[in-house]
Amino acid sequence: GAVVSQHPSRVICKSGTSVKIECRSLDFQATTMFWYRQFPKQSLMLMATSNEGSKATYEQGVEKDKFLINHASLTLSTLTVTSAHPEDSSFYICSAREATEAFFGQGTRLTVV
Amino acid sequence: GDSVTQMEGPVTLSEEAFLTINCTYTATGYPSLFWYVQYPGEGLQLLLKATKADDKGSNKGFEATYRKETTSFHLEKGSVQVSDSAVYFCALRSGPGSARQLTFGSGTQLTVLP
Chain U
1 GAVVSQHPSR
11 VICKSGTSVK
21 IECRSLDFQA
31 TTMFWYRQFP
41 KQSLMLMATS
51 NEGSKATYEQ
61 GVEKDKFLIN
71 HASLTLSTLT
81 VTSAHPEDSS
91 FYICSAREAT
101 EAFFGQGTRL
111 TVV
Chain R
1001 GDSVTQMEGP
1011 VTLSEEAFLT
1021 INCTYTATGY
1031 PSLFWYVQYP
1041 GEGLQLLLKA
1051 TKADDKGSNK
1061 GFEATYRKET
1071 TSFHLEKGSV
1081 QVSDSAVYFC
1091 ALRSGPGSAR
1101 QLTFGSGTQL
1111 TVLP
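These protein sequence lines are chains U and R, in that order.
Counting with this note's numbering, you get residues 1 to 113 for the letters of the first sequence.
Counting with this note's numbering, you get residues 1001 to 1114 for the letters of the second sequence.
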């Protein structure tokens, strides 16, 4: 199947700094990618839909100025957590769709200290 | 709105035991239903799916039947292996179009002991 690569897999950062997470579709083009967040023992919650060449669509309650999404090409979407705080610590997962199937990245464990 | 309720884990079984992970859903219309699996250190992978009532999805010995009357999509396997140890997510997608996002259950951690 298609491969979605997410990087980094783990990151630890200090409060107040920004962190960028990359999501790449390796062998297909993705006009739409999705960013999810998962808290321990909870569901994956959709944060935003990333659209190539246009602004991302954010879910209700997600701060678009804090979670910056850029989808500059058909194979790359980035999520930047700006001015991170400990409550932003979580597991972030991206997904890209090819035809009717969704493919997921490996996820990024973000810890803000 | 749409929601998925999944059996809480963790689940620990001995090799060759029978596995059931319960999943029920709430959705408008006629959603498509999915099971995803996440092995340690990897991304989610589609395990099986069903797109209409009474469909049975199957893959790698796992099965799940779309039961509209009980709004359920329970995952089963007759004989689990150590290599099946992973986190399993039930999910649905409602509405037309492949761009619709998935709604996930909370995931169930399965550990199979030799």
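No wet-lab data here; the hints were simulated from the structure.
Ideal Cβ positions, reconstructed from N, Cα and C, are used throughout, including at glycine.
Incorrect hints may appear among the rest.
[Claimed, not checked] With a straight-line Cα cutoff of 27 Å, these simulated DSS-like cross-link-like pairs (lysine-lysine) come out: (1) U:Lys-20 <-> U:Lys-64; (2) U:Lys-14 <-> U:Lys-64; (3) U:Lys-14 <-> R:Lys-1068; (4) R:Lys-1068 <-> R:Lys-1056; (5) U:Lys-66 <-> R:Lys-1049; (6) U:Lys-14 <-> U:Lys-41.
[Claimed, not checked] A few chain R residues that face chain U, going by a derived Cβ cut-off under 7 Å, partial list only: (7) Gly-1043; (8) Leu-1044; (9) Thr-1051; (10) Asp-1055; (11) Gln-1101; (12) Phe-1104; (13) Gly-1105.
Evaluation of the provided hints:
Between the alpha carbons of Lys-20 (chain U) and Lys-64 (chain U) the distance comes to roughly 14 Å, so the proposed pair stays at or under 27 Å and holds. Annotation: proposed proximity of Lys-14 (chain U) to Lys-64 (chain U) holds, straight-line Cα distance about 21 Å (limit 27 Å). Proximity of Lys-14 (chain U) to Lys-1068 (chain R) is assessed by CA-CA distance (about 48 Å); at most 27 Å being required, the pair is judged violated. For a cut-off of 27 Å, the pair hint linking Lys-1068 (chain R) to Lys-1056 (chain R) stands: about 12 Å separates their Cα positions.
For the suggested pair Lys-66 (chain U) and Lys-1049 (chain R), the alpha carbons sit about 35 Å apart, so the restraint of at most 27 Å is broken. Restraint check for Lys-14 (chain U) and Lys-41 (chain U): satisfied, since their Cα atoms lie roughly 25 Å apart, inside the 27 Å limit. For Gly-1043 (chain R), the interface hint holds, the least distance from its beta-carbon to any beta-carbon of chain U being 4 Å, beneath 7 Å. Among the interface hints, the one on Leu-1044 (chain R) holds; its C-beta lies about 4 Å from the nearest C-beta in chain U, closer than the 7 Å criterion.
With 7 Å as the threshold, the beta carbon of Thr-1051 (chain R) stays out of range of chain U, its nearest partner Cβ sitting at about 9 Å, so the hint is violated. At a threshold of 7 Å, the smallest CB-CB gap from Asp-1055 (chain R) to chain U is about 15 Å, leaving the interface hint violated. Annotation: Gln-1101 (chain R) was flagged as interfacial toward chain U, and the flag holds, the nearest CB pair being 5 Å apart, inside 7 Å. At about 4 Å, the closest approach between the beta carbon of Phe-1104 (chain R) and any beta carbon in chain U falls short of 7 Å, and the interface hint on this residue holds.
Checking Gly-1105 (chain R) against chain U by beta carbon gives a least distance of about 6 Å; that is within 7 Å, so the hint holds.
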